[in-house]
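Peer 1: Chain residues, written in single-letter form:
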Amino acid sequence: MYRSAVYDEPLLNELGKKSKGKPSELLSRSLQRKERVNIPDLDETQIIRHFLRLSQMNYGIESGIYPLGSCTMKYNPKICEEISKRDSFAMIHPYQHESTIQGSLQIMYDLEQMLCEITGMHSFTLQPAAGAHGEFAGLLLTRAFHEFNKDFDRTEVILPDTSHGTNPASATMAGYKIVEIPSTDGGTIDLDILEKTLSDKTACFILTNPNTLGIFESNILEIQKLVHDAGAILYYDGANINAIMGKARPSDMGFDIVHLNLHKTFSTPHGGGGPGAGPIGVKEKLDRFLPAPRIVKNKGKYSLNYDYSDSVGKVKAFYGNFSVLLKAYIYILLMGSNGLKEISEIAVLNSNYVKKKLVDSKKYDLPYKTLRKHEFVISCERLSKEKGIRALDIAKRLLDYGLHPPTIYFPLNVKEALMIEPTESESKQTLDQYIKALLAIAEEEPEIVKNAPVNTSVGRVDEAGANRNPIFTWKMLKK
Amino acid sequence: MKFIPNSALKSSMLREIGLNDIDELFSDIPKKIRINKLNLQDGLSQQEVEEKLRELSKKNISFYEMPSFLGGGIKPHYIPAAVKSVISRSEFYTSYTPYQPEASQGFLQAMFEYQSMIAELTGMDIANASLYDDATALGEAALMCTRINNRKTFLVPTNISLDKRCVLKNYAKGSGIKIREIAYDKETGKIDLQNLKKTINADTAGVYIENPNFFGIFEDDAEEILKIVKDKQSLFVVGVDPLSLGIAKSPGGYGADIVIGEGRSLGNPIDFGGSSLGIFACKSEFLRQIPGRIIGLTKDSEGKRAFCMTLQTREQHIRRGRATSNICTNQGLCALAATVYLSWLGSKGLEEISKINFEKGQQLAEKITSINNFEKVFSGIHFNEFVIRHSDAKKLNNKLLSRGIQGGFILDDLYPELVNCMLFGVTEMHNDDSIENLISVLKEAK
Numbered sequence: 001m002y003r004s005a006v007y008d009e010p011l012l013n014e015l016g017k018k019s020k021g022k023p024s025e026l027l028s029r030s031l032q033r034k035e036r037v038n039i040p041d042l043d044e045t046q047i048i049r050h051f052l053r054l055s056q057m058n059y060g061i062e063s064g065i066y067p068l069g070s071c072t073m074k075y076n077p078k079i080c081e082e083i084s085k086r087d088s089f090a091m092i093h094p095y096q097h098e099s100t101i102q103g104s105l106q107i108m109y110d111l112e113q114m115l116c117e118i119t120g121m122h123s124f125t126l127q128p129a130a131g132a133h134g135e136f137a138g139l140l141l142t143r144a145f146h147e148f149n150k151d152f153d154r155t156e157v158i159l160p161d162t163s164h165g166t167n168p169a170s171a172t173m174a175g176y177k178i179v180e181i182p183s184t185d186g187g188t189i190d191l192d193i194l195e196k197t198l199s200d201k202t203a204c205f206i207l208t209n210p211n212t213l214g215i216f217e218s219n220i221l222e223i224q225k226l227v228h229d230a231g232a233i234l235y236y237d238g239a240n241i242n243a244i245m246g247k248a249r250p251s252d253m254g255f256d257i258v259h260l261n262l263h264k265t266f267s268t269p270h271g272g273g274g275p276g277a278g279p280i281g282v283k284e285k286l287d288r289f290l291p292a293p294r295i296v297k298n299k300g301k302y303s304l305n306y307d308y309s310d311s312v313g314k315v316k317a318f319y320g321n322f323s324v325l326l327k328a329y330i331y332i333l334l335m336g337s338n339g340l341k342e343i344s345e346i347a348v349l350n351s352n353y354v355k356k357k358l359v360d361s362k363k364y365d366l367p368y369k370t371l372r373k374h375e376f377v378i379s380c381e382r383l384s385k386e387k388g389i390r391a392l393d394i395a396k397r398l399l400d401y402g403l404h405p406p407t408i409y410f411p412l413n414v415k416e417a418l419m420i421e422p423t424e425s426e427s428k429q430t431l432d433q434y435i436k437a438l439l440a441i442a443e444e445e446p447e448i449v450k451n452a453p454v455n456t457s458v459g460r461v462d463e464a465g466a467n468r469n470p471i472f473t474w475k476m477l478k479k
Numbered sequence: 001m002k003f004i005p006n007s008a009l010k011s012s013m014l015r016e017i018g019l020n021d022i023d024e025l026f027s028d029i030p031k032k033i034r035i036n037k038l039n040l041q042d043g044l045s046q047q048e049v050e051e052k053l054r055e056l057s058k059k060n061i062s063f064y065e066m067p068s069f070l071g072g073g074i075k076p077h078y079i080p081a082a083v084k085s086v087i088s089r090s091e092f093y094t095s096y097t098p099y100q101p102e103a104s105q106g107f108l109q110a111m112f113e114y115q116s117m118i119a120e121l122t123g124m125d126i127a128n129a130s131l132y133d134d135a136t137a138l139g140e141a142a143l144m145c146t147r148i149n150n151r152k153t154f155l156v157p158t159n160i161s162l163d164k165r166c167v168l169k170n171y172a173k174g175s176g177i178k179i180r181e182i183a184y185d186k187e188t189g190k191i192d193l194q195n196l197k198k199t200i201n202a203d204t205a206g207v208y209i210e211n212p213n214f215f216g217i218f219e220d221d222a223e224e225i226l227k228i229v230k231d232k233q234s235l236f237v238v239g240v241d242p243l244s245l246g247i248a249k250s251p252g253g254y255g256a257d258i259v260i261g262e263g264r265s266l267g268n269p270i271d272f273g274g275s276s277l278g279i280f281a282c283k284s285e286f287l288r289q290i291p292g293r294i295i296g297l298t299k300d301s302e303g304k305r306a307f308c309m310t311l312q313t314r315e316q317h318i319r320r321g322r323a324t325s326n327i328c329t330n331q332g333l334c335a336l337a338a339t340v341y342l343s344w345l346g347s348k349g350l351e352e353i354s355k356i357n358f359e360k361g362q363q364l365a366e367k368i369t370s371i372n373n374f375e376k377v378f379s380g381i382h383f384n385e386f387v388i389r390h391s392d393a394k395k396l397n398n399k400l401l402s403r404g405i406q407g408g409f410i411l412d413d414l415y416p417e418l419v420n421c422m423l424f425g426v427t428e429m430h431n432d433d434s435i436e437n438l439i440s441v442l443k444e445a446k
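Protein chains in written order, with the numbering used here: chain V, 1 to 479; chain E, 1 to 446.
Next comes chain E alone, as it looks inside the complex (with noise of 0.2 Å):
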């Protein structure tokens, strides 16, 4: 077969060890549970591959013959030719875990350089070198946030989205952390720095909020939020869309302890959900307590400059039951993509990026705001997504979807009380004409 040169050698490669009948090396195997073939199909030619593959991508609809402005946390942005370039290297993306640091320099290298920008964006002194994404890396946090102070209760508003609460409160369950979920303030869409005031106690290992927000909003009261989180000796951790920080200020400006991030939009498709990147950095203090692969830079025995793993004793392939995670397979390649595309954009592009999704995100929500029937729930300032309510969304979106075009995410299901409320989100993506269009098909629903 195609991927398996030694099929033809079968016979006389088991002669050479000594044995007839290939079933010889199954006999360990109980007959009473070995099987003859399992029912599924036979192998396909690659032809017939790309045939069934292509009629079954016709049942999709993507982004570029839909316009969509779904938010949610995840949006499309552009990814440079250079960025698919570069992760098309199958010296990158065919290689293992850099468990051999001689024959793994160059993911390495970008590894190191990945963690040395996820640090300068942040204002951390460290970053690791990826996990799954921000839902488990949020996870991650509170886990380390209670090995750090040994406290038992993790803060978190419930202006983040329902997924990622619901996959924090599943890594807390084991060590016995309690979540404890933070109201929003209704007017502003923003952490309620009152209720966050009264839930905060002696007991509170670390407190979450996102910049922006599940709604869109920024929290632009971290000052005093730190202020209310280290009365309390309790961590400051922060979520951020790696995206706006070339125009909003590192949440190391404000006091943060501990840095999460979603960072597919750095060079990564939407990919159904995929692609993720879990970012994770932090105050050089909690070194030792990191979870996830940590590059360092080092020498070689002549002297030379060279990068490896490290601090591995905190990892399960050798502490196991004690490691400070269970992650092995992390997001490597999806880290990579963000180093280069990082470094396309530089620090010029990166504003530019910045500002152009900030600019788009309030175009977009003065134009929808503009027709009658069509109000923003919040007063705080958004970034890219904001929240809409209309008198039918599930009917507007049907409607829009009936004319080509995605509307908003519906939050009836995940916030009973923003019933007809819509999360809107626009990037770099979505032009003029895709714009335009949306507008026009919104006045008629009015």
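One chain only, chain V, in its complex shape (with noise of 0.2 Å):
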């Protein structure tokens, strides 16, 4: 069973304090350093065991499962880390001449060749450094059609009550307005619903399908067609593609634009929080406002191109997070047709698996009743009412375990919710073990769990006192 270490490590600036002396006068008096910057002068020996020490308090995918639902957290193989930190790839500087940069360029071409493949779409771009950006980006994409076609009242999103935070968030700094339309009763958009939110004032819908509950929109060809009549942009929020790999495609459900999460489906490691990579694919209809620069082929050469004048311009500096999408084109390479198609059958099978025996536990409760994909949402509703053990309570217990919680209260139309996605990476053993520490949990004393974690390197943490009594810096703490 996992243990997390147990230190008491100071921060860095309580290992030592800053040399005496003063900064060398360099510049002139109005730009010139008067006082070196606060940061302490130690050892390597000190940094090295700060850090490990810290790494071990520390959980990853190498650690256990990690079944954070929406995330995608699986196994990162040695082998794409390795090669991405060669200098042949690392010390590549973007402004190289084009001929000596035929492999990094043919790299990218190749992915963006690849996940047109596997979502459909006509050509992508690789700029975007995250999902939400992603998103942002097809957003000004969106916006860039319209107005290329004269429609300039298109003002608002769609999106389902069920969306990841980040789909608003990246609509409104997109400049549209919201608006949120409830689920059916199944978990699913509501045809009806859809039908009367749209409006020639709709300039896109964005969904995800699988959905955030783990549910595939099997009215997804009603709802294309619903939302293309108006006039309005489909919209597919990749963050659950490893559900769908080689049994069906974005572009045939008549989604217009793309992201995909490289560090979810593609396993790029998630680097406790990054770099991502969130490229775009889109429909030929929307290639010419693509961010530039396009990498063209031509004669066996690659170049880049920037000669675009309907493109949107750009979302990042420079081409995207190069080492994230090198370790995306290995995994691609390694896993091919066969294994993407196999990620996608395990990935649901497992997620269907540990739902079915939670389900037949009778201790957790699965709001709406049919066939989930790679993840799933159960309710601790019913324990909560009985015993006061909240979603919260089970997430911590679960860390006594050694085991990484779900996603918890999301999406936000279920009451208690966990939401749990095991991924392909997952043993059946592993498996038994969760599903057998979420039914042990449901048995202990309230108490026990109420008061979890203790196994961990540090109790329940106080995130409302944090709040309360805002410490961001040493230099607050000291005060």
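Hints listed in this document are in silico derivations from the structure and should not be mistaken for laboratory results.
Heads up, a few of these hints could be off.
Pairs of lysine to any residue, SDA-like flavour, derived with a Cα cap of 25 Å [as the list claims (entries may be wrong)]:
| hint | chain 1 | residue 1 | chain 2 | residue 2 |
| --- | --- | --- | --- | --- |
| 1 | E | K52 | V | Y109 |
| 2 | E | K197 | V | S28 |
| 3 | V | K356 | E | P5 |
| 4 | V | K428 | E | S7 |
| 5 | V | K428 | E | L19 |
| 6 | V | K22 | E | Q362 |
| 7 | E | K173 | V | R288 |
| 8 | V | K436 | V | Y2 |
| 9 | V | K177 | E | R319 |
| 10 | E | K32 | V | E195 |
| 11 | E | K169 | V | Y306 |
| 12 | V | K415 | E | R319 |
| 13 | V | K22 | E | E352 |
| 14 | V | K357 | E | S27 |
| 15 | E | K84 | V | D87 |
| 16 | E | K299 | V | Q56 |
| 17 | E | K37 | V | D110 |
| 18 | E | K304 | V | L52 |
| 19 | E | K304 | V | Y7 |
| 20 | E | K31 | V | S218 |
| 21 | E | K173 | V | F148 |
| 22 | E | K299 | V | V6 |
| 23 | V | K363 | E | M13 |
| 24 | V | K436 | E | P5 |
| 25 | E | K197 | E | A183 |
| 26 | E | K59 | V | G336 |
Taking the hints as your guide, dock the two standalone chains into a single complex.
Peer 2: Written as structure tokens, this is what we have:
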């Protein structure tokens, strides 16, 4: 069983002080620094021990199962990591002469082609740094598309109440008014409500399929017809595409824009928060608006082309998070057509396996009685009513079992939600262990569960206190 | 398969949940859109992948095989082995955003240390736990200014990169913020103060300057700029190269309200323009307007020191459409690299590296301008990049390339007025030999 280390590891500035002395006078008076920056001067031994200890108080996918719903935390093959760090890729300047960067350009070009095949889209850009960034870029394209068609009154973006939080946030940033529509009793899009909500004001409808409950929107072809009849763009949030690779493609479902999270489905490590990559793919009608530069291939040579007069321009400096793109490229080569399909099949099988065992136990409830894909959402509302144990308590208690909790309290339309996405990486043995832990917790004394965790490097963290008394830097701590 | 343990158990697991065929799990997908397989190659073995990538890597020429003197806001810097070692700890790099603080104290503490050091470097009170890069950080800064003062114009000088201005315009568009450009002084390369004075008005939400700017020049009139900005009660946003701050004054020292920057130079590789790190710091009065994640120090149930993500009600997963930004995934591991790098340097090491970069910048500029037909374009003080004019920049770069050297970044396309101008960049990575080689080829070219 995984156990976190417990250290009272001091902050860097508590390990030592900055050394005495003034910086050399090199600049004019108005620009010259008078005091050295307040960073401690430490030995490498101290530094390495410090960060080693910190690492031992951190749970990663190599520590154990990490079934955060909508996050697709799968194992990250070592070979991807190792190759991406080589100088022949990492020590390349983005403005080098094209003849000296053919390898990197080819990788990006081929990756775009692969993503086109996986999604069925016409073309891709690799520029966005994350899923939310891809959404933002996609909405810039949406605006460019409508403006190009002299259709200036489309001010609204529609999304379901189960959507990821980034969807409405991206829409707001792109200048749109958000219209959220409620889901049906089955947890899917209500066609009547959608039809009534769509109008000549609608710029775009954002949808995740399978949705955040893990349910495939079987009416997708009716949905796409409604959206397109209203003249709007249908946007695919690709956070959940791990469920359907080699089984169905967003383009065939009628989506016009797709973003993929390479740090989810394509196994690039999440880095404790990033970097990620959120490439977007589009149908041909949106191709001309894609960010520049684009990678083009001509007579076997690859080059960067900036010459697209209708392009929305740039969303990030240079061409994207290259090392992330490279790792995803290697991963797709490793998996291939057969492997990607197998990934989705087993990811969905694992999810349904865990779901069935938990539901059969009758300790947790499954809202919406349909098939699930790669993830599912159960509710512990019953435990909450009977024993006062909330989703948060169960999450914390799982940590005591050495297991990472699922996503909790999302989506918002399920009370006391636990959103579980095991991914294809986990063995049956691990899944059984996870199920066993969840069932055991349901039987435990409420006091034990509510006081969890006790086996972690710190006890339950006072997050409300952190909000009330903000301390973000060691400077603020001293005050 | 190697990465899919339950492949071999498919039938038995299906039976256990009362199914016969894997396709029953996909029966909710309309038949019309189901596909049988993707038209991609079948998976390669690890050894085959290794061989393929080796072949591809031969089509690249890295900095170590071909010294590069490209500027443009991105240059290679030495990355200590200690940095590489720490960010290779899989507990760090394979972890997710620290939603469960009790399982993520290590990363959270490191991010608190990152925020602390960025605050020290920039002279600001607070910093967030990273944005994508400097260009998007500028976009977020402009949005934050208008949230604070409700004004709708944001000013940027043309002596910042075109990429950055382009990203900024995209970020600003949705909120109806107008971006107005301020000319640069053709003599010094610095922002044109007269033009700034003429353009700034009561609707100016914020003014951005960069120190050093895209031409490598320090804006040493920052105090005068501050006066102009504050005269209109506008916000002062400053962009930095953090490595210059070992010798240069922190923007907090000349009145900046918000500081952004590109942190790649702190322990991250050039990575073809990836591995970026958007620095974002500001005064504490703007606390609740900051975009992105912030790590706070607090206590656990026993009163022991602990860390967690905080002020999450600003963020998209809580506030959805009313969040301060849509950012979720950031550049966490690049921020961790910066944390280890800064702690490895310490205050003295930071000053030293800053000094080396400044001195190399001065020496190379002197060497190049001592050759006939090469002149420095701007008179302002530069850091480790500078603009040189030559009679035929493109021809020169081709000549250098044929001799295994990548010359400066040609500016013609970005600045039509800077015909035959090149942006040279130099760092601690350029040894005497590579500099002498460059100079000898330049001498031949004249």
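Peer 1: Does each hint hold? Answer for all of them.
Peer 2: Hint check results:
Taken as a hint, the K52/E and Y109/V pair is honoured in the structure, with Cα atoms around 15 Å apart against an allowance of 25 Å. For the proposed pair K197/E and S28/V, the alpha carbon gap of about 24 Å is at most 25 Å, so the pair holds. At roughly 20 Å between alpha-carbon atoms, K356/V and P5/E fall within 25 Å of each other, so this suggested pair holds. At most 25 Å may separate the alpha-carbon atoms for a hinted pair to count; K428/V and S7/E meet this at roughly 10 Å.
Of the supplied pair hints, the one linking K428/V and L19/E holds, its CA atoms being roughly 17 Å apart against a limit of 25 Å. Our distance criterion of 25 Å between C-alpha atoms is met by K22/V and Q362/E, whose separation comes to about 22 Å. Among the hinted pairs, K173/E with R288/V is consistent with the structure: their alpha-carbon atoms are about 19 Å apart, no more than 25 Å. Using a Cα cut-off of 25 Å, the hinted pair K436/V and Y2/V holds, with the two alpha carbons roughly 16 Å apart.
Simply put, K177/V and R319/E have alpha-carbon atoms about 15 Å apart, close enough for the 25 Å limit, and the pair holds. A threshold of 25 Å between alpha carbons decides the hint, and for K32/E with E195/V the separation of about 23 Å falls inside it, so the pair holds. About 17 Å separates the Cα atoms of K169/E and Y306/V, which keeps this hinted pair within 25 Å; it holds. For the hint linking K415/V to R319/E, the alpha-carbon distance of about 18 Å falls within 25 Å, and the restraint holds.
About 12 Å separates the Cα atoms of K22/V and E352/E, which keeps this hinted pair within 25 Å; it holds. At roughly 21 Å between alpha-carbon atoms, K357/V and S27/E fall within 25 Å of each other, so this suggested pair holds. For a cut-off of 25 Å, the pair hint linking K84/E to D87/V stands: about 13 Å separates their Cα positions. Taken as a hint, the K299/E and Q56/V pair is honoured in the structure, with Cα atoms around 19 Å apart against an allowance of 25 Å.
Between K37/E and D110/V, the direct Cα distance comes to roughly 19 Å. Compliance with the 25 Å bound is thereby established for this hinted pair. Distance hint between K304/E and L52/V is fulfilled; the C-alpha atoms sit about 20 Å from each other, no more than 25 Å. Restraint check for K304/E and Y7/V: the C-alpha separation of about 11 Å stays at or below 25 Å, so the hint holds. A threshold of 25 Å between alpha carbons decides the hint, and for K31/E with S218/V the separation of about 10 Å falls inside it, so the pair holds.
Taking the CA atoms of K173/E and F148/V, the gap is near 16 Å; set against the 25 Å cutoff, the hint holds. As the CA atoms of K299/E and V6/V are separated by approximately 15 Å, the hinted pair is consistent with the 25 Å bound. A threshold of 25 Å between alpha carbons decides the hint, and for K363/V with M13/E the separation of about 22 Å falls inside it, so the pair holds. For a cut-off of 25 Å, the pair hint linking K436/V to P5/E stands: about 19 Å separates their Cα positions.
Proposed proximity of K197/E and A183/E is supported: the alpha carbons are some 11 Å apart, at most 25 Å. A threshold of 25 Å between alpha carbons decides the hint, and for K59/E with G336/V the separation of about 23 Å falls inside it, so the pair holds.
Checked against the numbered hints given earlier, the structure satisfies every one of them.
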